[in-house]
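Protein chains: 6
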Amino acid sequence: MSQQVFGLRGLLIGRYQPFHRGHLDVLWETLERCDELIVGIGSAQESHTLDNPFTAGERVEMILRCLGKERARTIIVPIPDINRYAIWVSHVESLVPPFEVVFSNNSLTKSLFEEAEYKVFPTKIYDRSKYSGSEIRERMLNNRPWEDLVPEQIVEFLKSLDAAGRLSAGANQDE
Amino acid sequence: MSQQVFGLRGLLIGRYQPFHRGHLDVLWETLERCDELIVGIGSAQESHTLDNPFTAGERVEMILRCLGKERARTIIVPIPDINRYAIWVSHVESLVPPFEVVFSNNSLTKSLFEEAEYKVFPTKIYDRSKYSGSEIRERMLNNRPWEDLVPEQIVEFLKSLDAAGRLSAGANQDE
Amino acid sequence: MSQQVFGLRGLLIGRYQPFHRGHLDVLWETLERCDELIVGIGSAQESHTLDNPFTAGERVEMILRCLGKERARTIIVPIPDINRYAIWVSHVESLVPPFEVVFSNNSLTKSLFEEAEYKVFPTKIYDRSKYSGSEIRERMLNNRPWEDLVPEQIVEFLKSLDAAGRLSAGANQDE
Amino acid sequence: MSQQVFGLRGLLIGRYQPFHRGHLDVLWETLERCDELIVGIGSAQESHTLDNPFTAGERVEMILRCLGKERARTIIVPIPDINRYAIWVSHVESLVPPFEVVFSNNSLTKSLFEEAEYKVFPTKIYDRSKYSGSEIRERMLNNRPWEDLVPEQIVEFLKSLDAAGRLSAGANQDE
Amino acid sequence: MSQQVFGLRGLLIGRYQPFHRGHLDVLWETLERCDELIVGIGSAQESHTLDNPFTAGERVEMILRCLGKERARTIIVPIPDINRYAIWVSHVESLVPPFEVVFSNNSLTKSLFEEAEYKVFPTKIYDRSKYSGSEIRERMLNNRPWEDLVPEQIVEFLKSLDAAGRLSAGANQDE
Amino acid sequence: MSQQVFGLRGLLIGRYQPFHRGHLDVLWETLERCDELIVGIGSAQESHTLDNPFTAGERVEMILRCLGKERARTIIVPIPDINRYAIWVSHVESLVPPFEVVFSNNSLTKSLFEEAEYKVFPTKIYDRSKYSGSEIRERMLNNRPWEDLVPEQIVEFLKSLDAAGRLSAGANQDE
Numbered sequence: 001m002s003q004q005v006f007g008l009r010g011l012l013i014g015r016y017q018p019f020h021r022g023h024l025d026v027l028w029e030t031l032e033r034c035d036e037l038i039v040g041i042g043s044a045q046e047s048h049t050l051d052n053p054f055t056a057g058e059r060v061e062m063i064l065r066c067l068g069k070e071r072a073r074t075i076i077v078p079i080p081d082i083n084r085y086a087i088w089v090s091h092v093e094s095l096v097p098p099f100e101v102v103f104s105n106n107s108l109t110k111s112l113f114e115e116a117e118y119k120v121f122p123t124k125i126y127d128r129s130k131y132s133g134s135e136i137r138e139r140m141l142n143n144r145p146w147e148d149l150v151p152e153q154i155v156e157f158l159k160s161l162d163a164a165g166r167l168s169a170g171a172n173q174d175e
Numbered sequence: 001m002s003q004q005v006f007g008l009r010g011l012l013i014g015r016y017q018p019f020h021r022g023h024l025d026v027l028w029e030t031l032e033r034c035d036e037l038i039v040g041i042g043s044a045q046e047s048h049t050l051d052n053p054f055t056a057g058e059r060v061e062m063i064l065r066c067l068g069k070e071r072a073r074t075i076i077v078p079i080p081d082i083n084r085y086a087i088w089v090s091h092v093e094s095l096v097p098p099f100e101v102v103f104s105n106n107s108l109t110k111s112l113f114e115e116a117e118y119k120v121f122p123t124k125i126y127d128r129s130k131y132s133g134s135e136i137r138e139r140m141l142n143n144r145p146w147e148d149l150v151p152e153q154i155v156e157f158l159k160s161l162d163a164a165g166r167l168s169a170g171a172n173q174d175e
Numbered sequence: 001m002s003q004q005v006f007g008l009r010g011l012l013i014g015r016y017q018p019f020h021r022g023h024l025d026v027l028w029e030t031l032e033r034c035d036e037l038i039v040g041i042g043s044a045q046e047s048h049t050l051d052n053p054f055t056a057g058e059r060v061e062m063i064l065r066c067l068g069k070e071r072a073r074t075i076i077v078p079i080p081d082i083n084r085y086a087i088w089v090s091h092v093e094s095l096v097p098p099f100e101v102v103f104s105n106n107s108l109t110k111s112l113f114e115e116a117e118y119k120v121f122p123t124k125i126y127d128r129s130k131y132s133g134s135e136i137r138e139r140m141l142n143n144r145p146w147e148d149l150v151p152e153q154i155v156e157f158l159k160s161l162d163a164a165g166r167l168s169a170g171a172n173q174d175e
Numbered sequence: 001m002s003q004q005v006f007g008l009r010g011l012l013i014g015r016y017q018p019f020h021r022g023h024l025d026v027l028w029e030t031l032e033r034c035d036e037l038i039v040g041i042g043s044a045q046e047s048h049t050l051d052n053p054f055t056a057g058e059r060v061e062m063i064l065r066c067l068g069k070e071r072a073r074t075i076i077v078p079i080p081d082i083n084r085y086a087i088w089v090s091h092v093e094s095l096v097p098p099f100e101v102v103f104s105n106n107s108l109t110k111s112l113f114e115e116a117e118y119k120v121f122p123t124k125i126y127d128r129s130k131y132s133g134s135e136i137r138e139r140m141l142n143n144r145p146w147e148d149l150v151p152e153q154i155v156e157f158l159k160s161l162d163a164a165g166r167l168s169a170g171a172n173q174d175e
Numbered sequence: 001m002s003q004q005v006f007g008l009r010g011l012l013i014g015r016y017q018p019f020h021r022g023h024l025d026v027l028w029e030t031l032e033r034c035d036e037l038i039v040g041i042g043s044a045q046e047s048h049t050l051d052n053p054f055t056a057g058e059r060v061e062m063i064l065r066c067l068g069k070e071r072a073r074t075i076i077v078p079i080p081d082i083n084r085y086a087i088w089v090s091h092v093e094s095l096v097p098p099f100e101v102v103f104s105n106n107s108l109t110k111s112l113f114e115e116a117e118y119k120v121f122p123t124k125i126y127d128r129s130k131y132s133g134s135e136i137r138e139r140m141l142n143n144r145p146w147e148d149l150v151p152e153q154i155v156e157f158l159k160s161l162d163a164a165g166r167l168s169a170g171a172n173q174d175e
Numbered sequence: 001m002s003q004q005v006f007g008l009r010g011l012l013i014g015r016y017q018p019f020h021r022g023h024l025d026v027l028w029e030t031l032e033r034c035d036e037l038i039v040g041i042g043s044a045q046e047s048h049t050l051d052n053p054f055t056a057g058e059r060v061e062m063i064l065r066c067l068g069k070e071r072a073r074t075i076i077v078p079i080p081d082i083n084r085y086a087i088w089v090s091h092v093e094s095l096v097p098p099f100e101v102v103f104s105n106n107s108l109t110k111s112l113f114e115e116a117e118y119k120v121f122p123t124k125i126y127d128r129s130k131y132s133g134s135e136i137r138e139r140m141l142n143n144r145p146w147e148d149l150v151p152e153q154i155v156e157f158l159k160s161l162d163a164a165g166r167l168s169a170g171a172n173q174d175e
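Chains as they are written, first to last, in my numbering: chain W, 1 to 175; chain S, 1 to 175; chain R, 1 to 175; chain L, 1 to 175; chain D, 1 to 175; chain Y, 1 to 175.
Pulled out of the complex, with its shape left as it was, chain W reads as follows:
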């Protein structure tokens, strides 16, 4: 995307539990392809579970810490689940400022936005066997090293949240 195309805005949605190096690669790549990028934080209402340990606000913080000067053209918006896919695109449209294109490799996201007549582009493929939210959460839970898998700017922040503690709490709900 050439820089002179003023106002082309893209939308990228993820859960970012946590935000990892694969996500960061995609973020840099999509930022190159549009003038402004909206980063939607999915399942914004979730936290403190095995699949979703971090709050939306904590995930906003993770992304902010990685953006550096790109922050000036990035817009981060928490998006609570609505659990009704038939109205999900309208739900997203009502929460974020206007956008023209969507970046996603998720086929449901792709399918829903295409039904609504948006142009959807795939994003860069990163090594999912290496960078994966569930792998990182698993490591955090079992106190194995996870620090190399997330951007270095957020390692201390993640430690301050006692991710391991939250996850082991979520893992261990006895009756």
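Warning: the hint list may mix true and false statements.
These stretches of chain S come out as covered by chain W in the derived footprint (C-beta under 8 Å, 3 or more residues) [claimed, not checked]:
#1 42-50
#2 157-169
Below 27 Å or equal to it, Euclidean Cα-Cα: the simulated DSS-like pairs (lysine-lysine) are [stated by the list, open to error]:
#3 159(L) <-> 119(Y)
#4 159(W) <-> 130(W)
#5 119(D) <-> 119(Y)
#6 119(L) <-> 119(S)
Here are the in silico distance ranges between beta carbons for each label pair [as the list claims (entries may be wrong)]:
#7 29(D) <-> 122(Y): 46 to 52 Å
#8 127(W) <-> 28(S): 52 to 58 Å
#9 127(W) <-> 81(Y): 37 to 43 Å
#10 83(S) <-> 153(Y): 43 to 49 Å
#11 29(S) <-> 25(R): 35 to 41 Å
#12 68(R) <-> 159(Y): 46 to 52 Å
#13 121(L) <-> 114(S): 26 to 32 Å
#14 105(D) <-> 121(S): 43 to 49 Å
#15 117(R) <-> 121(L): 56 to 62 Å
#16 68(R) <-> 51(S): 36 to 42 Å
Please keep in mind that the hints were generated in silico from the structure rather than gathered at the bench. The beta carbon of each residue, even a glycine, is placed where N, CA and C say it ideally should be.
Given chain W, put chains S, R, L, D and Y in place with the hints provided.
Relative to chain W, chains S, R, L, D and Y alone:
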């Protein structure tokens, strides 16, 4: 049910994802056993998932296309889930017009309506190894032939919805 | 609407608290203008209040009793409020079968469906000083005659619901 | 109520914003008329507003402080609003233990429980011009004396909650 | 906890599906460690499922029947799920009267209340291989003897609820 | 606020229906008093009504257009209403990144954040007789000039939304 018993209304509830030949058999049979039939479409809020690919409105359409002249004594009502079984019968009662009997082979439905003092009758047993919503969705997902399992009146309509596409989207939610 | 135009479906939405002679006039008129009519019952989740004394199911019953043979080309669908106008059209679309045109004199309904690129036509103007839901509810509450204002087919049904009792209950919520 | 009538349980529902001397009179009177009394706290989800300044938990506390030895046969249960009167009785039934009679002067409560075939008895009439939740909230808001209108056992508790502060906050939502 | 410490209130939360002898042991033990005990009934909105067969009100009843004279210092409060752990402690605080300590062996409960600066104490360990809600529900479902696993005071009550019937209904949701 | 105080983050919440010159004054002033500012957009789920004509996303857009280079230290987050003030602060905390101080003249906001032990500072007083959301909406509705009351950067954007049309739709909900 003799035809002169004016006003006996029955209730039949299903998810109809999609409406298949087994459902149609049950529909014809229950229509014979009452004067008017309310067809409740369960999980009405769901769509675009592997278990519930079609919207409530699309499921209304499927049933309308099969009813022919029986449409004049059938009432189709979408019923959103309430996820609180203790109040589910009241919830259904508030959404559909008055009815006297319930047709169901589902033991939870049977149990809840019987607690509320409705008469519940079993419905015709069709060949579930052959006609099954999950089997049809599986075939749609894998592009194997499914057309013989649904009423011919809705084959084209289902194709127009790109069922296969929706299902493969739902099947493939990467992180 | 000429009869040979197969499949033109219209959508008409109202709260019908209760369904009155003005509503019936509009129903007959819109039925003439399309091949099939979807009647959406708004605020479907409401009942037993001063503004909304009747359940969605009871309102379905009122309309069924008036339709006569037109029932075969009418589709009645309860529509719960979603209270988020930005996604309301998507919500309606997910609950009713496909439609092409909307009939409404309500400017919010008109505006929202037009934003979603539907064609919206005004409906017949009836005498609102005479036929009005709030007037009828007021009369029911004060035991003044209301029977002339509703279609005669539903007078007995409304009486059986003890509308007056419900309304005076709703009117009198002491602390 | 003679003591040998084992197990007659009554239900009494109020908002108790706050619990005042009129409420206490009704509580004593209904406790005399049954073996066990369930006190339902309505609008349990509300707090910090002009109409509902106190949380459900705070209202439980107010009643506990007044009960003395009658606590052993009283059961206090918060009841969130469900805002669908058609299913409200089922909602209450699912939250409280079984009961046989209802005590209420509220005509909506009376009407809904009677539709569900409960016996509903009126409660003692207290001087509503004197004892009234809205009057007390008004006085709290304007720093006029309210202490005489509530049971003395809860005066200190109410002061500790800074009722006046909460109410003036609720009263003063500037744009 | 010495008995003369007036007003130390503890909070104990469980689902109690059903309330069994292990729960009763914990209840007696925690009652000894505080002056008043709040028993929170979790997942209060659930019932009629395999995991949660009983309503909140039925679970209140079970506990009441076991308490005997301890009822005078026990406060039972149904707590609906909020499914947002980030606000769950605030949700509980708003529904129950003030408390100082929490008793729990559940690590998520412990973690969330400790984040909110409550003191959380472990409870007595009972033989979970013997006393377990899921084991009892399994036995009820398969008509194997379960009576020895629950307090004798509630055996008849549980039988009156047709637990076996509800569970087999929940187990058998055919499509 | 001196620039070397790294990381002092403030929170400012408003509905911004629409964002007007008074809001902009407060925004500039609070940006001077902290290193980073979170702007929470309240009632984020509302739109298309007389009180709340614009979606959350449209309100994000308004603020973005005014920020200029200050965008790099501003974080805009839509905050849906939760309608339970007892848990509102926890709700906000879960949606926004960590903050230390709150800026507000709203006494309910002030009271709730102070109960949660935040420091709350008043904001600059602007001329409310002149700059007021309801005044602007009133003018838009009646096609009187409103352009001078909002920042010039958003005049065109507001016009593109057909604010007048939406408001007159909301104003005119006939039965």
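Status of the hints after comparison with the structure:
1. 42-50: holds (count 5)
2. 157-169: holds (count 4)
3. 159(L) <-> 119(Y): 23 Å, holds
4. 159(W) <-> 130(W): Holds, at about 21 Å.
5. 119(D) <-> 119(Y): Holds - the C-alpha atoms of residue 119(Y) and residue 119(D) are around 25 Å apart, at most 27 Å.
6. 119(L) <-> 119(S): Distance ~25 Å between residue 119(L) and residue 119(S) Cα, so the pair holds.
7. 29(D) <-> 122(Y): 46 to 52 Å: 50 Å, holds
8. 127(W) <-> 28(S): 52 to 58 Å: 55 Å, holds
9. 127(W) <-> 81(Y): 37 to 43 Å: 42 Å, holds
10. 83(S) <-> 153(Y): 43 to 49 Å: With Cβ atoms ~46 Å apart, the hint holds.
11. 29(S) <-> 25(R): 35 to 41 Å: 39 Å, holds
12. 68(R) <-> 159(Y): 46 to 52 Å: Because 49 Å falls inside the window, the suggested range holds.
13. 121(L) <-> 114(S): 26 to 32 Å: Distance hint for residue 121(L), residue 114(S) holds at roughly 30 Å.
14. 105(D) <-> 121(S): 43 to 49 Å: This hint holds: roughly 48 Å between Cβ atoms.
15. 117(R) <-> 121(L): 56 to 62 Å: 58 Å, holds
16. 68(R) <-> 51(S): 36 to 42 Å: 39 Å, holds
Checked against the numbered hints above, the structure breaks none of them.
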